[in-house]
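Whole structure, please, built from the sequences with the hints as guidance.
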Amino acid sequence: MTPLVQRVLSSKLLGALTSPHGVDRYLEQINPMWAATEVRAQVVEVVRETSGEHPVATVRLQPTTTWRGHRAGQYVQVGVEVPGARRTTRCFSISSAESGPGEEFTITVRAHAEGLVSKFLVHDAEPGLTVHLSQAEGAFTLSESPATPTNNRLLYITGGSGITPAMSHLRTLLRDGYDGRANRKVTFVHYARSPQDQIFAEELQRIAWADNDVSVHLRYGDDVFTEAALGRLVPDFRATDTWACGPAPMMDLVREAYGDSPRLRTEFFKLSTRPAGTESAEGDVTFARDGSTAANTGESLLEQAEARGLTPEFGCRMGICFSCVSRKTEGTVRNVLTGEESSLPDEEVRICVSAPVGDCVVDL
Amino acid sequence: MTTDTHTRMSDEQLEKFGEEMDAIRQRVIADLGEADASYIRGIVKKQRQLEVAGRALMYLPPAWPLAVASLSVSKILDNMEIGHNVMHGQYDWMGDPGLNSRMYEWDNVCPSSQWKYSHNYIHHTFTNVLGKDRDIGYGILRMDEDQKWHPYYLGNPVYAFLLMVFFEWGVAMHDLEVENLVAGKRSISENKALHAGIMKKVKKQALKDYLLFPALTGPLFPLTLAGNATANLVRNVWAFNIIFCGHFPAGVATFSEEECEDESRGHWYYRQLLGSANISGSKLLHLMSGNLSHQIEHHLFPDIPARRYPEIAEEVREICERYGIAYNTGPLHRQLGSVAKKICKMALPTRRSRATDPGTVVDHKLAA
Ligand SMILES: Cc1cc2nc3c(=O)[nH]c(=O)nc-3n(C[C@H](O)[C@H](O)[C@H](O)COP(=O)(O)OP(=O)(O)OC[C@H]3O[C@@H](n4cnc5c(N)ncnc54)[C@H](O)[C@@H]3O)c2cc1C
Ligand code: FES
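As they're listed, the protein sequences go chains A and B. The opening residue of the first sequence carries number 1 in this note's numbering; numbering runs sequentially from there. The opening residue of the second sequence carries number 1 in this note's numbering; numbering runs sequentially from there.
Simulated from the structure, these hints should not be mistaken for laboratory data. Note that the coordinates shown come from a computational prediction; the quantities given were computed from them, not determined experimentally. It cannot be assumed that every hint is accurate.
Rough simulated footprint, nothing fancy, chain B against chain A, three-plus residues with beta-carbon under 8 Å [as the list claims (entries may be wrong)]:
hint: 1; segment: 13-21
hint: 2; segment: 86-93
Take a look, some chain B residues computed to stay more than 12 Å from chain A by CB distance [claimed, not checked]:
hint: 3; residue: V44
hint: 4; residue: G139
hint: 5; residue: K148
hint: 6; residue: P151
hint: 7; residue: C320
Facing chain B, from chain A, some residues (calculated, C-beta under 10 Å) [said to hold, decoys possible]:
hint: 8; residue: D24
hint: 9; residue: R25
hint: 10; residue: E38
hint: 11; residue: G79
hint: 12; residue: E81
hint: 13; residue: P83
hint: 14; residue: H132
hint: 15; residue: Y178
hint: 16; residue: D179
hint: 17; residue: T297
hint: 18; residue: E313
hint: 19; residue: S323
No residue lacks a Cβ here, since even glycine has one placed at the ideal position from N, Cα and C.
Laid out in C-alpha cells, this is it:
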C-alpha cells in the first residue's frame, strides 16, 4: 500500500466512521494483508535448515505495510492459529539483516518435541499462511552503525537456536558495511550439538572463507564453552563488546566468565533465573476460580498453577508479551526479574514472572 | 418464590442434577474448535458486509428501506450474536483479540465494560433474585408481585414502551442506578467515572450515526440521519422484546435473597433454569436473537459459544423431564403476549392475598 493510502487508512475520520471496531476489523475481511495499525504477515517460504531430532526451519515473512522495520538483534511476537483454532503467541528473534518499514524478514525456528508453536511453524506452515505480529522489540541490538568503519572489536557467543539474533547482526554488518566487509573485527563463536544440527552452516562457511573481517569458530558436542578457550580467542574479552545468546548452562558459564563487565549483553529465550528463596517459600496460594489452595512452592504463579493441573494462557513465559496477565486479588508477589515486590489488591500481574511472597489469591 | 407450582428437589437430587449439568459443560468445552471459530468468523463477515451495504445504499434514495434493513440487521447481529456472546467470553479460548471479551466493543451507546459488570456479573450471578438482579424491571418497571406496588407503577405499560424505544439508552443508563439515586441509596459522586465512560461512548456513536455518515451523503443528510436512527430504533425494539421474553413470561420464577444464600452448584443451575424462558422458532430467529431464544441454556452455560445451545437444549430438556422440572418455552408471539400481560397486570396492586406462605423451592426436609 502506498503511504497516501496508509495515511487515509489511519486517519481520524476513518477511525470515527468505523468506531467502535476500528478500520482493521473491516480491512481484514477483504484481504488479511491490508491493515491500518495492526501488523500481520504472510509466509513467503519455509526453508529447512537442519533435520534430525529437533529440526530447524527459516520462515520468510512478508509483513503488512504497518511493519515499522527492525534493528538487528530484535525479536518479534508471532501469533499463529494452531489446530483447534487457538491463536498462540511466541517470541522469535529475527534472523535476517535489519529490515525497513514493510520489508520482508525471516525468523529461524527450532521445533521443540512438544512445542506447540515451534512445531507448527517448522512442520505445518506453508506459503500464504497469515500470522499475527507485534512490532519488533528488544534491546539486544548493535551498539554501533555499520555505516562507518571502526577499530572496535565485536564478539558473539551463541548456542543452538540462540544464533538467530547474532546472525541478524552479522548479516547487517556484512550487508551495510563496505566492499562486503564488516569493517571492524568480528569474532563469531557458536556452539551446536553436532555438525548436523548446525543452523546456517553453508552461509557461515562462506563467511568464514571470505575476506570480510569476520572470524567464525564453530564448536560441536563436548567442546563446550570455557573461559580459557575464549581467552585464547579474544584475550581481552571482558573489555570487548559481546553479545551472548544460548541455552541456560552456556549462559551461566558466560556470565561467570564476564563477572561484572558491562560489555556483556545477553538475550534469553527462556527464563533461566530460578526464583530466589524457593526453599524458604511461605504461605498458601489460592486459585480462586479453581477453588484450590496449596502451600506456596516459591515458583512463579504460572508454574504453580500448571503444577495443579490448570492451563493458564501464556506466550513468552518471561514477562514480555502480557498473554498471561491475571488478577491477583490478595497478597504480595515478587517480580522474579527485578525482585520488586507489590501488594496492591486487585492488581493485574504477569503470572509467569510473579512469585508469591506469603499468602496469595489469584483469579485463576 | 412467587409461584409454588415448581417441583421440590431434595439436596441430593440437586447435587445429581448439578453434576449432570457440569458434565454437559465439560464435554462441550473440550470439543470447542475450528467449527465454532469459523462459525463466529462467518457471522462477523456477514455483519460487516451488511453494515457496509447499509451505509452505501443510503446514497440511493429509492433503496432507503433496503439500506435501513441492512443496517438494522447489521446492528442486531453486532449486538446480539456477536457482541453479547463475545463479551460473555464465549470465544476467549480462540485467543483472537478481535473476539475477546476484554477487548470487544459493540455498536451500542452502552460502554462494554459497564455492560459486562451489570450483565455478566450482576444479572447472571443474581439471576431473578429480587433486590439483587437489577434486570428485573431495570429499576423502572414492576415485573414481579413481590416488588412492592406504588402508584408510580400505574405507568408500567408506558415505561415499558419507552424503555423499548430507547432500549440502548436504557441499558447505558442502567449502571447509573438512577432509582437508587432517587431513593438516596447512591450518591451522584459514585456515578462520576461511569458518567464519563458513557459520555465518551455516546459521543462516538452519535458522531458516526447522526453526523459523519449523514454528512458524507451530502444533500441526502436528513434521509441518512433518519435511516440511521431507524436502524438503531429497530435494533432497540427487537433486542428489548427478545430480552424481555427471556425472563418475564408467565411461569418464570423469582427468588428471595435468603433462598440463594450459600447456594449449592446444583441450586445455582436450578435457579438459572427456572429463572429463564426460551423462544421456539426457526434457525433465523435463533440467529437474530443471538441464540438468546435459548435463554435457559445461556443462563446455564453463559460462557459456552451460543451456537451450541440448540444441541445442548435437547439434553437439558431430557434432564428436566427426568427431574420433573418445568422447561419454559413457546413461540415468540405467545411469550411476547405473556410478557405484555404481565407488564399490564403489574401496573395494578396485587389482589392475591399475601398471607399464604409462598413456600420455598428446595425442601430441606426431604434431604434427610
Ligand atoms: C526473546 C525471545 C526470542 C526467541 N527467539 C527464538 C528463535 O529465534 N528461535 C527459536 O526457535 N525460538 C526462539 N524463542 C523461543 C520461542 O519463543 C518458544 O519458546 C519456543 O519456540 C517454544 O515454543 P512452543 O510453543 O513450540 O513450545 P511450548 O508449547 O510453549 O512448550 C513445549 C515444551 O517445550 C519447552 N520449552 C519451551 N520453550 C523452550 C525453549 N526456549 N527451550 C527449551 N525448551 C522449551 C517447555 O518447557 C515445554 O515443556 C525465543 C524466545 C524469546 C523469549
Ligand atoms: S507469558 Fe508472556 S508475559 Fe507472561
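Taking the hints in turn, this is what the structure says about them:
1. 13-21: Holds: 6 residues of the segment 13-21 of chain A have a Cβ under 8 Å from chain B.
2. 86-93: holds (count 4)
3. V44: 8 Å, violated
4. G139: The claim holds: B/G139 sits with its nearest Cβ about 26 Å from chain A, beyond 12 Å.
5. K148: 36 Å, holds
6. P151: 41 Å, holds
7. C320: The assertion about B/C320 holds, with a minimum of 27 Å to chain A.
8. D24: 8 Å, holds
9. R25: 6 Å, holds
10. E38: 9 Å, holds
11. G79: It holds, given that the least Cβ distance between A/G79 and chain B is near 7 Å, below 10 Å.
12. E81: 8 Å, holds
13. P83: 8 Å, holds
14. H132: With a closest approach of 9 Å, the A/H132 hint holds.
15. Y178: 44 Å, violated
16. D179: For A/D179, the interface hint is violated, since the closest Cβ of chain B sits about 46 Å away, which is over 10 Å.
17. T297: 28 Å, violated
18. E313: Since the shortest Cβ distance to chain B is 7 Å, the answer is holds.
19. S323: 8 Å, holds
Hint violations for this structure: numbers 3, 15, 16 and 17, all remaining hints satisfied.
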